[in-house]
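For the sequence shown, position 42 (counting from the first letter as 1) is numbered 41 according to numbering that gives the first Met the number 0, and the numbering increases by one without interruption.
Among the clues, some could well be false.
Stated by the list, open to error - EDC-like, lysine to aspartate or glutamate: derived pairs with alpha carbons at most 16 Å apart:
| # | residue 1 | residue 2 |
| --- | --- | --- |
| 1 | Lys-12 | Glu-97 |
| 2 | Lys-116 | Glu-29 |
| 3 | Lys-157 | Asp-146 |
| 4 | Lys-30 | Asp-71 |
| 5 | Lys-79 | Glu-29 |
| 6 | Lys-56 | Glu-134 |
| 7 | Lys-58 | Glu-97 |
To be verified - Ranges between beta-carbon positions, derived for each pair:
| # | residue 1 | residue 2 | range |
| --- | --- | --- | --- |
| 8 | Lys-56 | Ser-100 | 16 to 26 Å |
| 9 | Pro-22 | Glu-110 | 34 to 44 Å |
| 10 | Pro-22 | Glu-105 | 38 to 48 Å |
| 11 | Ser-82 | Lys-58 | 19 to 29 Å |
| 12 | Ser-100 | Pro-64 | 19 to 29 Å |
| 13 | Ala-2 | Ser-148 | 19 to 29 Å |
| 14 | Ile-21 | Asp-102 | 34 to 44 Å |
| 15 | Asp-81 | Met-109 | 36 to 46 Å |
| 16 | Gly-76 | Met-109 | 17 to 27 Å |
Just so you know, the hints here were simulated from the structure itself, not pulled from any lab data. Keep in mind that this is a model prediction, so the values were computed, not measured. Don't be surprised by glycine CBs; every beta carbon is placed ideally from N, CA and C.
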Amino acid sequence: MTAQEFKSNITTKRPRYADSRIPLLEAFSEKGSRNADYSRFGPIYELYIYAMMLGIKRKTRLPLPPRNLTSDFLELGKWKRDSSLVDFLLMIIFTQTEDLSFDWNELEDMEEEQLNKVVSEVITLIEEYANGGLEYLETLWQKGELDTSHYMFIDLYKNLN
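Full structure from sequences and hints, please.
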C-alpha cells in the first residue's frame, strides 16, 4: 500500500463522538456554519479537533461509550475540503508514537488486515483524545469556568500545563 492509499483509507473513516457530548458541541459551535462569533467554533468538527488537541496536550485519552451511544461525523477527508487541515491533524496524531502500536518501517510490508487495524487504531486515537478534551471542556462549562472572551479557547489551551 502506498502512502497515498494509506492516507485515503484513513480519510474515508468517520470518527465518532459520544451522544452525551451533543449539548456541549451545540453550545460551542455553529452546526452547518463556516464561521461563528468569537466564543464559538464554526462547524462542529473544528471544536472536535480543538478538543483532540486539548486531549493530547493534557495526555488524556477517554474511550468512547458503546456504539449505540455515539454518533458519526462526516468522513475525515470531507472536513475543510481543499485545505491541509486533515494532513495536519494526521501529522499531529502520528507524532503520538507512544500511543501507536506499529512501526512506521513495517507499514509498507503489512497485509491488508494489518493495515486496517492500523487505520482503526489511528481513528481510535483521534476519538479518544477528542473525547478526553470534550470531557475537560464539559467539566469547565458545567462549573461555569468558561468565560466568553474573544480569546477564551486560545487562553484555555495556552494555560494548560
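> Okay, which hints does this one fail, numbers in order?
Replying inline: 1, 2, 13 and 15
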